[in-house]
Amino acid sequence: MTSGGVIALGSIDLGLAAVLFFLLAIFSWKMSLGLEKRIVISGLRMTVQLLLIGLVLKFLFTRVDLLWVSVMALIMLLAAGREVRARQKRRISGGRGYLIGTGSMFISSFSITIIALVTMVQVDPWYSPRYAIPLLGMLLGNTMNGIALASDRLTSQIYDQRAMIEQRLMLGENWQEASNDLRRDCMRTGMIPIINAMAAAGLVSLPGMMTGQILGGSSPIDAVKYQILIMFLIGAGSGFGVICSIRFTCDRLFDDRHRLRLEYLDG
Amino acid sequence: MSLPLPCPDSPAEKSGLQASELGYLANGPYSFSIPRGRCIGLTGPSGIGKSQLLRAVADLIPFTGGLFYDGKPSSDWTGPQWRRLVCMVPAEPAWWYDQVGDHFDVPFDSHPFCHWLERLGFSMDSLQWRVTRLSTGEKQRFSLLRSLVRRPPILLLDEPTSGLNIDFSKEVESLILEEVAAGCGVLWISHDTEQLGRVCDNSYILDHDGLTELQVEEQP
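In order, the protein sequences belong to chains A and B.
Just so you know, the first sequence maps onto residues 86 to 352 in the working numbering.
Just so you know, the second sequence maps onto residues 14 to 233 in the working numbering.
Next up, chain A with everything else stripped away, as it sits in the complex (with noise of 0.2 Å):
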C-alpha cells in the first residue's frame, strides 16, 4: 500500500472515517438534536466534491497548459465571488456588488499568486497546475474569507450609522473622515482571521497545509518554509483584498458630492 513514501488509502480507510461522521448523524437523530440532515448531505457533498476536483486535478497535471489552468481559476474565482455575495447580509445591488468581492479578490489573489510563482517558488512553466492550482486555492479561500467578513460589516455598519455618517457630512467632513472609524472597524474584522491564524500557528495548531505536506513524506523542515511562505502570501493577500473591497465599497456608497447614497444597497 506505499507508494513514493506516502501510506496511500483504500476505500475501506474512508470508509471507516465516514462511518464515524455518520454515527454522529444517528446520534442526532435519535437525540433530536435535528443536525441529522445537514450532516448526511454536508458529508456526501463534499466527498463528491472532492473526488471530483481530484479527477480535475489529475487531468490538469497531465496537461501543463495556460489556457486549463486559467479555466479552472476562473471558476475558482466566480466560485468564490458568490460565496462572498452570499454571505452579506446588505448587499450593493445589481452586477456591481458581484463584482466588488470579486474584483478584490482578483486583484488581490491573482496577483500575489503570479508574483509567488514567478519570483520565490521559481516553478517552470510559472502556471505550472501542480503549483498554481493549490496556491491560488489557499489565497483565494482565505482572502474570500477577509473580504466576506469585512465588507458584510461594511455596508451593515453604513446602513446602521447612516444618521452618524450623514451628521459628520453636514457638519462640512469629508467622505474619508465621515466613514474613518468605520473604515478601520472593517480592516480590522477582515485581517483578524489571519493575524489570528498567524499567532496560533505551531503552538496551539499544525496548519493544515504543512500537516498534509509532512503526511505527504516531505521533511518537516521543507514543510514549515512552504508554510512560512503560505502564511506571509495570505495575510498580504486578504490584506490588499479587504483594502480594495473597502475603497470600491465605499466609492458606491459616497458619491462624487461626498453622499451617501444608500439606495445602493439592498435589503
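Hints are computed from structural coordinates only; laboratory data are not their basis.
Don't take every hint at face value.
Examples of chain A residues toward chain B, derived with CB under 7 Å [claimed, not checked]: (1) Ala248; (2) Met249; (3) Gln252; (4) Gly257; (5) Asn259; (6) Leu314; (7) Arg342; (8) His343; (9) Arg344.
Even glycine gets a Cβ: it sits at the ideal position worked out from N, Cα and C.
Place chain B on chain A using the hints.
Just chain B now, with coordinates in the frame of chain A:
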C-alpha cells in the same frame, strides 16, 4: 408650483442662497431664496418632505434644478465645502465620540463659544459629559452650538426647539436672531407658526399644493 425668483440684479438678494426649480425625490420643483441677514420660516404637515428639502439644500441627496450661493452654482464647491457654507442642523443630531466636547473643533475658551455655551445652559464642565447621558433637549442645544461655532453663512434648522422648554426655546430664538442680525441667513422649520411669526421675516408653507407664502399675524 414655484414662486417668482427675486430680482437677480438686486445686490441684497444676490447675497445668500438661492434655490431655482429645486426638485428632490418626488418633490418640487420649488424656487426660493435665503438671503443673508434674513430668517425664512418653513412649516407644513408632517411627512411632506420638509426635512428632505433641507437635505437637498445641504446637497446631501441628489436634486434637480440649481442651488446658488452668492450667484454661483453649488458645483463651484465640493460637497464638504458647500456644507460648510450651508450647514444643516438635523432634528435628531448624531454623536460619534464618547465625550461631548470632542465634537467641537474650537478652543473651548474662545469667544463666542464660551458665551453661547453659558446662554444655552451649560458650563465648561458640561463639555466632559458623556454623550450617552445627554437628554433630548441637551442634545438639541449642543447640536445647535456645534453648528453655530462653525459660523456658517447659511443655517438650515430642522425643528431646533422641539425638545426644549419655553426658556431655552426663547434663548435659542434670540441667539439665532443675533446671528441673523450679524449676517447669517437662516431657514427655520417649525410646526409652531407662532414661533415662525416671532423669528422669521417671512415664512413658507409646504403642502400638497407646493410651496406658498404663509400669511402670519405678527405678534404684538
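When the nearest CB of chain B is found for glycine 257 of chain A, is that gap smaller than 7 Å? holds, 4 Å
Closer than 7 Å between Cβ atoms is the bar; does methionine 249 of chain A clear it against chain B? Give me holds or violated. holds, 4 Å
Against chain B, with CB atoms and a cut of 7 Å, does the hint on glutamine 252 of chain A hold up? Check passed: Cβ of glutamine 252 of chain A comes within 4 Å of chain B, closer than 7 Å.
Quick one, is the histidine 343 of chain A hint okay against chain B at 7 Å, beta carbons? holds, 4 Å
At a threshold of 7 Å, is the proposed contact between arginine 344 of chain A and chain B supported by beta-carbon distances? Where the cut-off is 7 Å and the nearest Cβ of chain B is about 6 Å from arginine 344 of chain A, the hint holds.
Agreement of hint asparagine 259 of chain A with chain B interface, Cβ distance less than 7 Å: holds, 5 Å
Hint check: is the beta carbon of arginine 342 of chain A less than 7 Å from a beta carbon of chain B? With a minimum Cβ separation of about 4 Å from chain B (threshold 7 Å), the hint on arginine 342 of chain A holds.
Using 7 Å as the Cβ threshold, decide whether alanine 248 of chain A counts as touching chain B. holds, 4 Å
Report holds or violated for the interface hint on leucine 314 of chain A, using the least CB-CB distance to chain B and a cut-off of 7 Å. This interface hint is violated because 41 Å lies over the 7 Å limit.
Checked against the numbered hints given earlier, this structure breaks only hint 6.
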